[in-house]
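Each residue of the sequence shown is one higher than the one before, starting from 53 at the first, in my numbering.
Don't read these hints as lab results, they were simulated from the structure.
Since the model is a prediction, treat every value here as computed from it, not as a measurement.
Note that beta-carbon positions come from the ideal geometry of N, C-alpha and C, so glycine has one too.
Please note that a few of the clues may not be correct.
Ranges of calculated distance between the beta carbons of each label pair, as one might list FRET restraints [as the list claims (entries may be wrong)]:
hint: 1; residue 1: ASP248; residue 2: VAL278; range: 14 to 24 Å
hint: 2; residue 1: ALA116; residue 2: PRO190; range: 40 to 50 Å
hint: 3; residue 1: ASN54; residue 2: THR237; range: 27 to 37 Å
hint: 4; residue 1: ALA146; residue 2: ILE120; range: 45 to 55 Å
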Amino acid sequence: MNPAPVIAIDGPSGSGKGTLAVRVAERLSFHLLDSGALYRLTAYAALRDSVGDDDEAALAALVARLAIKFHGAGDAVRVLLDGEDVTRAIRDEACGMAASRIAGLSAVRGALLALQRNFRRAPGLVADGRDMGTVVFPDAVIKIFLTASAQERAQRRYKQLKDKGFDVNLRALLEEIEARDQRDTQRTVAPLTAADDAIVIDSTALSIEQVQDRVLELAAQRLQAVTD
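Starting from the given sequences, assemble the full structure and let the hints guide the process.
Have a look at this one:
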C-alpha cells in the first residue's frame, strides 16, 4: 500500500507558510502538521521546567514525555500541553526564539522526527516547517519553498501579533527575523534550504489567495498523477 501523499511547505519565519498550509489542508480535506508548533511546545516546556536550551540530552528526554494534543481545525485549532491550553503562550516571541535555538540540536530534531512522521495518514497530509521536504518527508509529492523579503515578513508578523493583542515593536521583530534566518540557514543540522525538487515561490508581492491558487493547481496535477 502506498503511503498517504504529503504536500511539504517549507520556508523562513513569517513567509506565510502556516496560513498557506491551513488553507490548502482545508481545501483538500487533508490532515495538517504545524511542525513549528512542536518546536515551540518543546521550547515552552523547557522554559517551564528550567531546562537549558543547550542541554541536548535533557531536551530530548523532555520531548519523549510531552503529552501533546491538537483540538479543532484551521485557525480555530487549540494546542494542549500536559492538559494545559498553551495556544497563545507558544506564539510569544521569546518562545519562538527559544524554539529556533533548540531546532539546531540534533538530539531534539531526532526526538521529534518520529512524532512528525506519525501525522502522515489518509487521505493525505499538508506539513509546514523548515525541513519537511528535505528531511521529514523527502518523498512528498509536492514540495513548496515559500519565501518573502525580511521586511515584508516582519510587517506581516507585526500585524498578526497586534491583531492577537500582543505588544510588539516592528524594528525589534525585523531584527529577530533576520537573526532567526541566519541561525536557521547556517545550522549544521537540517539547515533551512529549498529541496532540489522544490518549487520556490516568493510571496513578497503576492496575496495569500494567489499563492494558495498556485499550490492547489499543482496539487490537482500531482495528486492525480500519483493516483493514476
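Cross-check of the supplied hints:
1. ASP248 / VAL278: 14 to 24 Å: holds, 19 Å
2. ALA116 / PRO190: 40 to 50 Å: For ALA116 and PRO190 the Cβ distance comes to about 24 Å; the hint is violated.
3. ASN54 / THR237: 27 to 37 Å: holds, 33 Å
4. ALA146 / ILE120: 45 to 55 Å: Taking Cβ atoms as reference, ALA146 and ILE120 lie about 20 Å apart, which means the hint is violated.
Hint violations for this structure: numbers 2, 4, all remaining hints satisfied.
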